[in-house]
Each structure stands twice: as C-alpha cells, then as structure tokens.
Amino acid sequence: LKEKMAAVLVAVEVEGVESEVMVTYVIDALNQMGLGVADTANGSEAVLVKIITDMDGYDSQKVQGLVWCSSGASVSLVDVARGATFSRFNVHERAGTSRAADSQRKSMQSVGEQAAKQITARLEAYLKTK
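So the sequence shown is numbered by my numbering: it starts at 496 and just counts up by one.
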C-alpha cells in the first residue's frame, strides 16, 4: 500500500478565511501518509481535496468574559480521472478566548485538525479500493 500511496499526487485547494491555517494541517497529514502534495491543481493529480472555510465571530456576544468564534469547513474529495466526488463532509468548531483574533485562530486550528483526520481516513479507505 505504501508504494501505491507514494505514486498518488494530491492537490489541495482551499478558499475562504484563515485558509493558510487549514491547509497547513491538511498538507502535513497527507505528507505523513506518504502522499505527494501539489499546492494547486494542474491536471497531473489523482485526487483533488477542495476545502471552503467560513468563520463567524460573535463580537457583540461576550460570554463569561470570552470572545467566541465559530469556524467551519466544507470538504470534498474528488477522483480527478473519473471526475467524481467520492467523499464530502463538514467540520465545525468554536473557541472562546479573551481576544477575537485568538478565538478565530484556535477555532480554525481545531477545524483543520479534525478535517485532516477525516481526509486521511477517507482517502486511505478510498485508495485501498483502487
């Protein structure tokens, strides 16, 4: 399976807020699987990971002295050769800190960690069927 995985090139496209935070977790997880990762889709990749991030801040709502933020990501895994989406899921998380910027960063880090785990698990399961 490792040789098979090493031959697979994955492209990661992330749109939305705090996308650099998200893409860091995803690329790291894919690299740990032994997959090659391209920053942008160029046609040579076997799998495309499409991620759209969003974030809601609750500036007017301080709860227990904390500024809360909710982050989310919609993830699609696409088999490029077949033009077929083989997995799609959403991840959401919220965080509260004394600073809005910290809440945004922490909530998106949690989303990135969760998304990376699901992406690697679903991608590995899919590649085993190939």
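Each hint should be verified, as a subset may be incorrect.
Here are the simulated DSSO-like pairs of lysine-lysine, each with C-alpha atoms no more than 30 angstroms apart in a straight line [to be verified]:
hint : residue 1 : residue 2
1    : K497      : K545
2    : K612      : K545
3    : K499      : K625
4    : K601      : K545
5    : K545      : K625
6    : K601      : K612
7    : K499      : K601
8    : K623      : K499
9    : K497      : K612
10   : K545      : K623
11   : K625      : K612
12   : K625      : K497
13   : K623      : K612
14   : K499      : K612
15   : K499      : K545
Source of the hints: derived by calculation from the structure; they are not laboratory data.
Everything numeric in this text was worked out from a predicted model, so none of it was measured.
Holds or violated: K497 to K612, with C-alpha atoms at most 30 angstroms apart
holds (18 angstroms)
Is K499 within 30 angstroms of K612, Cα to Cα?
holds (20 angstroms)
Within a Cα-Cα threshold of 30 angstroms, do K545 and K625 meet the stated pairing?
Status holds; Cα separation ~20 angstroms.
Quick one, are K625 and K612 close enough, alpha carbons at most 30 angstroms?
Measuring from Cα to Cα gives roughly 20 angstroms; hence the hint holds.
Would the pair K612 and K545 pass a check requiring their Cα atoms to be no farther apart than 30 angstroms?
holds (15 angstroms)
Could you grab the alpha-carbon distance between K623 and K499 and see if it respects the 30 angstroms cut-off?
Since the Cα atoms of K623 and K499 sit roughly 9 angstroms apart, the hinted pair holds (cutoff 30 angstroms).
Verify the proposed pairing of K601 with K545, using a straight-line Cα cut of 30 angstroms.
holds (22 angstroms)
With the threshold set at 30 angstroms, check whether the alpha-carbon distance from K497 to K545 stays at or below it.
holds (24 angstroms)
Checking one constraint from the list: CA of K545 to CA of K623, max 30 angstroms. Satisfied?
holds (21 angstroms)
Is the Cα-Cα distance between K499 and K545 30 angstroms or less?
With Cα atoms ~22 angstroms apart, K499 and K545 stay inside 30 angstroms; holds.
Take a quick look at whether K625 and K497 sit within 30 angstroms of each other, Cα to Cα.
holds (13 angstroms)
Straight-line alpha-carbon gap K499 to K601, limit 30 angstroms:
violated (35 angstroms)
Checked against the numbered hints above, the structure breaks only hint 7 and satisfies the rest.
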